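Whole structure, please, built from the sequences with the hints as guidance.
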Amino acid sequence: MRKVLVLLVAAALTIASAQDYVFGITFDAGGKFDGSFNEGTWRGMVLAIEELQAERGLEIDLLEFEGTPETSAGGLRTIAGQNVELIVSPGFAQADAVAAVSNEFGDTFFVLIDAVVEAPNVRSVLFEEHEGSFLVGFIAGTLSQTGVVGFVGGMDIPLIRNFNTGYEQGVLHACPECTVISNYVGVTPTAWNDPARAKELATNQHAQGADIIYAAAGASGNGVIDFVNETMCYTTTRTLRSTGLAEQVAQIDPSPAYASACGADAQPLFFIGVDSNQNPLGDIDGNPDTLNHGLTSMLKRVDVAAYDAIMDVVDGTFEPGTRVLGLAENGVGFALDEYNEALLTDSLLAEIAMISDMIVSGQLVVEPYSD
Amino acid sequence: METVVLVTLAASAVRATTPLLFAALGGLFSERSGIVNIALEGIMLFGALTAALVTYYVELPVLRETPGARVPYAPWIGLLAAMVVGGGVGFVHALVSIRYKADQIISGVAINLMAIGLPAVILTGLFANSTTSAPVANRLPSWTLGPLTFSPLVYGAFVLVPIVWYVVFRTPFGLRLRAVGEHPEAADSVGISVIRMRYTGVIISGVLAAMGGAYLSIGAFNQFITEMSGGRGFIALAALIFGKWHPLGVLGATLLFGAFQALETQLGGAALLPPTVVQSLPFILTMLVLAGFVGRAIPPKAIGKPFHKG
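Residue numbers (my numbering), protein chains in the order written: chain A, 1 to 371; chain B, 372 to 681.
Hints in this document: simulated from the structure, not taken from any laboratory. Take these hints with a grain of salt, some might be off.
Claimed, not checked - Straight-line Cα separation of at most 20 Å, SDA-like style, residue types lysine to any residue; simulated pairs:
| hint | chain 1 | residue 1 | chain 2 | residue 2 |
| --- | --- | --- | --- | --- |
| 1 | B | K680 | B | V561 |
| 2 | A | K32 | B | A505 |
| 3 | A | K32 | B | K680 |
| 4 | B | K676 | B | H554 |
| 5 | B | K472 | B | N483 |
| 6 | A | K32 | A | V46 |
| 7 | A | K32 | B | L489 |
| 8 | B | K680 | B | V442 |
| 9 | B | K676 | B | R549 |
| 10 | B | K680 | B | T495 |
| 11 | A | K32 | B | L497 |
| 12 | B | K676 | B | F462 |
| 13 | B | K676 | B | P506 |
| 14 | A | K32 | B | V561 |
| 15 | B | K676 | B | D474 |
| 16 | B | K676 | B | L497 |
| 17 | B | K615 | B | R547 |
| 18 | A | K32 | B | I487 |
| 19 | A | K32 | B | T495 |
| 20 | A | K32 | B | F654 |
| 21 | B | K615 | B | I409 |
| 22 | A | K32 | B | F498 |
| 23 | A | K32 | A | P256 |
| 24 | B | K676 | B | A505 |
| 25 | A | K32 | B | K676 |
| 26 | A | K32 | B | A662 |
| 27 | A | K32 | B | D474 |
| 28 | B | K615 | B | A662 |
| 29 | A | K32 | B | V467 |
As the list claims (entries may be wrong) - Part of the chain B face toward chain A, derived, beta carbon under 8 Å:
| hint | residue |
| --- | --- |
| 30 | V375 |
| 31 | S383 |
| 32 | T502 |
| 33 | A505 |
| 34 | G601 |
| 35 | L634 |
| 36 | T636 |
| 37 | Q637 |
| 38 | P646 |
Since we're looking at a predicted model, the values are computed, not measured. Using N, Cα and C, we set each Cβ at its ideal position, and we do this for glycine too.
Here it is, written out as structure tokens:
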């Protein structure tokens with residue numbers, strides 16, 4: 001086993017030395033294909049590398065490390081020791097590791113996402129999650145028929161509170177009389193991996209009237225999505241708000257499961273996804289043209305941050321320091337695609353565009369979370 | 372509070388109790404025989420993983436033929452496989468603790484660590500990612516009994532309580548199991564095979580804990596997610612102690628902890644108590660019990676001690 005490992009490392013080194021550029025990426029938790037945050041960062045790097053290879057004929061290699069917050073310093077060191085130009089580390093839990101390793105390898109550039117390390121060779125990228133969450137909150141507040149919407153956060157930390165507060169402001173902006181129920185899966189890192197608990201939270205929120213639930217909970221969020229996809233609809237005796245959602249839904253063919261489980265007086269349930277576009281997960285019958293339960297997703301463009309970092313290094317324009325990506329920089333936004341275009345009317349989209357402009361110009365201020 | 376909210380809360384508590392109950396009743400068999408089993412957490416994860424993978428691969432060929440087809444037997448095969456694997460992991464713990472007389476805590480910790488690392492390797496091989504399995508189309512069904520609608524495993528867990536009580540306190544097997552946990556030398560002197568009783572106890576604990584894990588992956592949900600047990604194995608262990616190694620005590624303790632969990636999700640941010648306190652309540656209560664402040668918990672006398680046949 002050790003021999004194989006030595007051979008592999010030697011092979012990696014020889015390949016590395018023949019390249020024009022070598023980049024690295026380290027994951028702290030959740031793995032490469034988490035379907036959202038890590039995967040988005042990785043895809044941004046891959047896209048940049050593919051473009052550079054195709055358009056400028058550069059030879060580029062990408063070294064990867066999948067670990068935990070405890071091991072990521074080791075992974076960073078291993079990669080940094082192989083003459084790489086740039087290492088991207090997505091995740092606030094890698095901040096200490098990046099701080100330590102960037103100090104040891106002064107000639108390597110580092111990009112840290114979701115936390116700040118101040119060093120001459122580190123670029124820290126933060127996102128205005130509250131701005132993107134405001135937009136999806138506005139959509140939820142506009143369309144909620146019960147006047148109650150839910151928020152399920154993963155681990156209860158300021159970063160996720162920031163999603164929560166932006167969402168709440170967005171909901172109340174569209175519908176001042178609406179209620180937002182907020183719950184967190186837990187207070188330890190296991191909160192990211194506990195779909196069963198997230199599903200109970202969604203069940204409880206729905207029992208309290210929520211018809212749209214926003215999940216910002218990593219892999220636990222799948223529990224919320226599972227609840228919505230399984231339950232699909234509700235009937236209620238309370239008076240519903242007239243939001244145009246029912247009319248919109250009436251024009252869409254129901255999925256076979258929806259048709260058999262939900263009667264004519266039933267109203268649909270929706271989730272809002274996070275980080276990557278999770279709209280396709282609401283397509284329970286594999287047919288985007290029938291009713292899907294993903295209302296929209298709050299997009300956090302980690303892919304853009306990773307892409308830009310590579311391009312800046314290759315162009316020689318890499319600047320350290322802290323970058324904050326919000327609506328103005330297209331760093332956050334909401335997902336619109338074939339899965340939800342039938343749900344969001346043109347007039348709603350126009351309103352969102354207007355609000356978005358107001359946030360960018362500073363006319364409308366979305367308050368971030370503060371302790 | 373509205374009735375509908377209360378009903379949801381009660382149902383939520385019952386569902387939260389289910390995996391705890393399976394694991395705690397499993398732990399009861401192991402600890403009554405004299406073997407500490409802190410590997411419950413890891414065994415749950417192995418059970419959850421196996422159930423999700425086997426269900427997925429059983430339904431896969433059918434779904435390839437006819438997309439969207441129901442494969443009602445797939446999750447049951449998944450559950451069965453989880454029980455077999457759980458028993459297997461229990462056997463490993465038994466082998467290390469009984470045959471090789473290693474420290475039972477260390478063996479348990481090793482299994483728990485393996486349950487975090489090994490699934491990542493398997494998932495990377497099968498699905499090119501280290502954290503989630505592909506969702507299954509056929510999870511365990513929901514059974515409606517009168518006003519109740521739950522997964523069959525939920526009913527199973529509660530039905531198991533009187534069965535375990537009967538087996539442990541009313542059968543010769545149960546008497547022997549308790550005897551080897553209390554006084555293995557005495558049991559040995561009357562011809563009971565201490566070794567065999569202990570193997571059996573630990574393997575049963577593995578089977579039951581794995582059922583709790585299977586409930587998490589294919590009962591309450593439709594895929595495996597790494598570390599999805601979220602400490603339930605440890606809470607089950609606390610419930611076992613809090614319940615004084617008695618099936619009815621265990622039922623009460625797991626129901627209490629399940630209700631805490633449900634209540635905490637209900638209270639959420641606007642809590643009377645901070646969630647941190649609610650989440651640590653099972654452990655705080657258990658420590659109080661162990662310290663003798665709330666009743667007294669007397670563990671099986673020979674627990675944790677390897678048996679040396681004279």
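Results for each hint:
1. K680(B) to V561(B): holds, 13 Å
2. K32(A) to A505(B): holds, 15 Å
3. K32(A) to K680(B): The given pair, whose Cα atoms are some 51 Å apart, is violated under the 20 Å limit.
4. K676(B) to H554(B): Holds. K676(B) to H554(B) sits at ~11 Å (cutoff 20 Å).
5. K472(B) to N483(B): holds, 19 Å
6. K32(A) to V46(A): Cα-Cα ~12 Å, so holds.
7. K32(A) to L489(B): Judged against 20 Å, a Cα distance of about 17 Å means the pair holds.
8. K680(B) to V442(B): Violated, at about 50 Å.
9. K676(B) to R549(B): Holds - the C-alpha atoms of R549(B) and K676(B) are around 14 Å apart, at most 20 Å.
10. K680(B) to T495(B): violated, 45 Å
11. K32(A) to L497(B): Measuring from Cα to Cα gives roughly 14 Å; hence the hint holds.
12. K676(B) to F462(B): holds, 17 Å
13. K676(B) to P506(B): violated, 43 Å
14. K32(A) to V561(B): Violated, because 58 Å separates the two Cα atoms, which is more than 20 Å.
15. K676(B) to D474(B): Answer holds: K676(B) to D474(B) is near 9 Å, not above 20 Å.
16. K676(B) to L497(B): violated, 40 Å
17. K615(B) to R547(B): Holds. K615(B) to R547(B) sits at ~19 Å (cutoff 20 Å).
18. K32(A) to I487(B): holds, 16 Å
19. K32(A) to T495(B): Satisfied, since the Cα-Cα distance of roughly 10 Å is no more than 20 Å.
20. K32(A) to F654(B): violated, 34 Å
21. K615(B) to I409(B): Holds, at about 16 Å.
22. K32(A) to F498(B): holds, 12 Å
23. K32(A) to P256(A): Measuring from Cα to Cα gives roughly 34 Å; hence the hint is violated.
24. K676(B) to A505(B): Given that 20 Å is the threshold and the Cα spacing comes to 42 Å, the pair is violated.
25. K32(A) to K676(B): Status violated; Cα separation ~43 Å.
26. K32(A) to A662(B): violated, 45 Å
27. K32(A) to D474(B): Measuring from Cα to Cα gives roughly 36 Å; hence the hint is violated.
28. K615(B) to A662(B): Between K615(B) and A662(B) the Cα gap is close to 13 Å, so the pair holds against 20 Å.
29. K32(A) to V467(B): violated, 35 Å
30. V375: holds, 6 Å
31. S383: holds, 5 Å
32. T502: At 4 Å from the nearest chain A Cβ, T502(B) passes the 8 Å test, so the hint holds.
33. A505: violated, 11 Å
34. G601: Where the cut-off is 8 Å and the nearest Cβ of chain A is about 4 Å from G601(B), the hint holds.
35. L634: For L634(B), the interface hint is violated, since the closest Cβ of chain A sits about 10 Å away, which is over 8 Å.
36. T636: holds, 5 Å
37. Q637: At 5 Å from the nearest chain A Cβ, Q637(B) passes the 8 Å test, so the hint holds.
38. P646: P646(B) check passes; min Cβ-Cβ to chain A is 6 Å, inside 8 Å.
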